[in-house]
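Asker: So the protein sequences, as listed, match chains A, B and C.
Be aware that the first sequence starts at 1, since it is given in the numbering used here, and climbs by one per residue.
Be aware that the second sequence starts at 1001, since it is given in the numbering used here, and climbs by one per residue.
Be aware that the third sequence starts at 2001, since it is given in the numbering used here, and climbs by one per residue.
Calculated directly from the structure, the hints in this document are not laboratory data.
Hints may contain errors.
Stated by the list, open to error - When the alpha-carbon atoms are kept at most 20 Å apart in a straight line, the in silico EDC-like pairs for lysine to aspartate or glutamate are as follows:
| no. | chain 1 | residue 1 | chain 2 | residue 2 |
| --- | --- | --- | --- | --- |
| 1 | B | Lys-1128 | A | Glu-184 |
| 2 | C | Lys-2149 | A | Glu-279 |
| 3 | A | Lys-298 | C | Glu-2127 |
| 4 | C | Lys-2294 | A | Asp-124 |
| 5 | A | Lys-130 | C | Asp-2304 |
| 6 | B | Lys-1013 | C | Glu-2331 |
| 7 | B | Lys-1181 | B | Asp-1151 |
| 8 | A | Lys-40 | C | Asp-2304 |
| 9 | A | Lys-40 | B | Glu-1090 |
| 10 | C | Lys-2294 | A | Asp-123 |
| 11 | B | Lys-1153 | B | Glu-1115 |
What the hints assert, rightly or not - Not close to chain C: a few residues of chain A, all C-beta gaps over 10 Å, as computed:
| no. | residue |
| --- | --- |
| 12 | Phe-65 |
| 13 | Tyr-87 |
| 14 | Thr-173 |
To be verified - Okay, the calculated bits of chain C under chain A, using three or more residues with CB under 8 Å as the criterion:
| no. | segment |
| --- | --- |
| 15 | 2140 to 2153 |
| 16 | 2247 to 2260 |
| 17 | 2320 to 2326 |
Even glycine gets a Cβ: it sits at the ideal position worked out from N, Cα and C.
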Amino acid sequence: MGWVSKVEIISLGTLISALTWSSILSLMAIGITLLYRTTKVPNFAHASFVTTGVYSATIVSLMGFHPYLGMFLGFILGGLEGLVLFYAILEPLRRRRSSIFILMIATLSYDILLYGLLNVLADDLQTTYKILARMIYYSRLDFSIGGVPGVAVISLLALITTVILLYILLNRTTLGVALRACMENTALAQTLGINVSLMLLFSWFIAGGIAGVAGALLPFYTMCGPYIGMLYIAEMFCASILGGLDQIYGAPLGGFLIGFAKVALISVLASFVGPWITEYAPIIPLAAMAVALVLVPKGLVAIKIRRG
Amino acid sequence: MLKVESLNSGYGKLHVLYDVSVDCDKEEIVAVVGPNGAGKTTLLNSIFGIADIYSGSVKIDGEEITKLPAHVIARKGIAYVLQMINIFSELSVEENLRISASYAKIPDIDKKLREIFEIFPILSERRKQRAGTLSGGERQMLAISIGLIRDPKILLLDEPTAGLMPLYVDLIIKKINEIRKERGISVVLVEQNVKKALEIADRAYVLVSGQIIFRGSPSDLASEKEIMRLYLGMGE
Amino acid sequence: MQLPLNEIALFMTDFLALFGVYLIVTISLNIQRGLAGIPQFGLMFAIAGGAYITGNMATRIAVWILGIKTDLDPVIDCTAVLSMVNPMLNTQPMTSFILILIYLAIGATFGAVLGLIQVAPAIRLREDYLAITLLAFAEIINVIATAYKPLLGGAFGVQVPSVYGWAGGYRYGVATLAILVIAAISYLYAEYLERTPLGRTLKAIRENEVAAASLGKSLVKYRAIAIVIGSALCGMAGTLWTLYGEYVTPTYTRFYWTFLPWLMVLLGGIGSNRGALLGTAIFVALDKLIIYYKHSFEAFLPFDVVWLDYILLGIITAIILIYRPQGLLPERPYIPKDIRKRIEEKIKQF
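The task is simple: from the sequences and hints, build the whole structure.
Answerer: This is the structure in structure tokens:
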């Protein structure tokens, strides 16, 4: 009896919402993990890459297209932001053999810079187009398949497509194999004639692009403003760490665990103790990360590998 | 073939090498020996564009390669076998070799693979195995093969026998000598194992505190009792 | 344009107060990062903690010490409660002084506890994991402060007793003085700490964790000590800033209370207290000038000037990192006097 009633507590709507959020969060986390693998730096500017995706959707919709098409613009703009960060800031620092800690501050400062620019953009959109550019929400523009909101389907498809493409890229193309070689042993890759900085630059474009895609999906899920990336940056890192910062395909695992823990668990809790608890939802990912760091600092995927 | 002239280099502000000149002729094995921290690895890193060069020049067949980035130098017919972490342990043995060959624009990779497996038959048995599971000696063979499959004119080897069992040490040293003879490759051999290195070397350099203090034939070096005792730990 | 004298005085007080608070924070950062090598990207956590706990407890404690009998909630009904508290405090400088000390002690303790909570999951881990954890944990303080109404009355914030009210027209001057005194003590303490065995141990760990561990120095213990000291200072900074403004809302942001202090320390030179002093002075002056002349800028810009702040500071940081990573006044190696004498004698011999 207890089991059945607990299942009923999680409504189908909550599960779909959890699925959507997990997919979007996974897309965000994949980029963080990829960059950590290639450049060995936690990229704090990922927050703004995601927000850039949000405004890509806004721009596309102002141009008269469906905001879902913002995914493509988001990929390009996010990718370009990653490209600029690596080429203009990180690469000169790397050449000076700066410590990882200096690189982290550099990504933090780039995030602040982009945050300022995104706010300027939002102000500009607000005055020029008379839209509420700090309250971007496209839920009413979304389609639905038998009651399931389109964003759930699109996010999951975007995630699956991304993972498959990434797998093909890394395992079936010369470029990808070279990138993997750089991830594993930069010095050796260099001696084989692989242009390591070019490979890293490429990884920053890809990671920024994926973050942009995730950002473009976000306004279909929740109300967005220039702050939205910063709001979720802690959660992105939680997902990435939970999956294992060294495991690219661990990121979706972390994303789904964190996403479901946050959305589904909190709704179960809410039905027991009251709806006030939902305001504390952001604490769940952090708690999960804290537990993971203490028990399995290398991430969940590492457990499987150690056994196998 | 390879000509390093009055090289000053290091890492950022850390000046390691002072006016170092080294050269290596065709089909020659040149041993660079010296105590720990003398700058032997830095010498190879400088040749390969990994360390920072302040002044001096590095030439291959008269072509200036000083200050070129490493990935460009890698295409100039020179292969560098790093010390210790010199294979992709996540990839299989064959994948390791194939990556290296594909970036060297080798036309017939399968033929090259067969050649490599003739030199090191054990690698053929392990070809599908993850490189991380190889033993220390097998790793070194793979590392040398990764360099060799690029069909280089010059092979830079950084302590290929470090940490190996005596059996493997002899094998590796023997193979290096064979490779040079059969394939006409020049070898710059940086070694801790002075005795073994001098057995196959045509000429030797002794590097101490970033400076060359001896150049000459191995037999001449053997008669320099002072150097052998003070810096190379050889003699009574 | 002629500025009236009291406007200049007001500007200076405001500048010095903010400078003092930021100096405490940058000194704290210097102890955590400069001395112990902890990449404290979540400074805001302890600062906001100190500020919010002061907001929550200050009126409660004042009511209790002054012996006021009331059923009103000191947070939710703070205006009504303070209308009883403040007139009494205005005539009792001594009680006010004791209250300030109590608040500081609470701010420091709470800050230290938060620091420990923040660092606990990653205290054994590498620098990058540590940085992520510290940053991520700092982000939740505002979630809690906004959600948990009894803490600060929700998003609108809470008033605190006017502990400098007895000084009348000079209250802001006195408040600034109090901040500067604590800042000066923090500065001298940091200078002293560097010269103690503890300071040297922390530096040894910063330079090479493995080597320090092999000498029997516990990484966990010393990281915890540095975090506790640093976070206690941050907590006091939060308390002082709340008492200065007599008001607190859950709006401490990463930009102002983590990023800016980092920028100040970077400009001055990580690990150098003189550098922190200089960097803090430069940035607070810049900030104040920008705010003061904001209206003249606004005429030219089609957006809010505050965003220009973000853009410029982001660029400035990148430039400092690339072109002057050691800062303006870099850390100098500290060599104890007796050893320095011996070295000098050796040099003379040659």
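Asker: Could you run down the list of hints and mark each one as holding or not?
Answerer: Results of checking the hints against the structure:
no.: 1; hint: Lys-1128(B) x Glu-184(A); in the structure: holds (19 Å)
no.: 2; hint: Lys-2149(C) x Glu-279(A); in the structure: holds (11 Å)
no.: 3; hint: Lys-298(A) x Glu-2127(C); in the structure: holds (14 Å)
no.: 4; hint: Lys-2294(C) x Asp-124(A); in the structure: holds (19 Å)
no.: 5; hint: Lys-130(A) x Asp-2304(C); in the structure: holds (16 Å)
no.: 6; hint: Lys-1013(B) x Glu-2331(C); in the structure: holds (17 Å)
no.: 7; hint: Lys-1181(B) x Asp-1151(B); in the structure: holds (14 Å)
no.: 8; hint: Lys-40(A) x Asp-2304(C); in the structure: violated (36 Å)
no.: 9; hint: Lys-40(A) x Glu-1090(B); in the structure: holds (17 Å)
no.: 10; hint: Lys-2294(C) x Asp-123(A); in the structure: holds (17 Å)
no.: 11; hint: Lys-1153(B) x Glu-1115(B); in the structure: holds (16 Å)
no.: 12; hint: Phe-65; in the structure: holds (26 Å)
no.: 13; hint: Tyr-87; in the structure: holds (12 Å)
no.: 14; hint: Thr-173; in the structure: holds (29 Å)
no.: 15; hint: 2140 to 2153; in the structure: holds (count 5)
no.: 16; hint: 2247 to 2260; in the structure: holds (count 3)
no.: 17; hint: 2320 to 2326; in the structure: holds (count 3)
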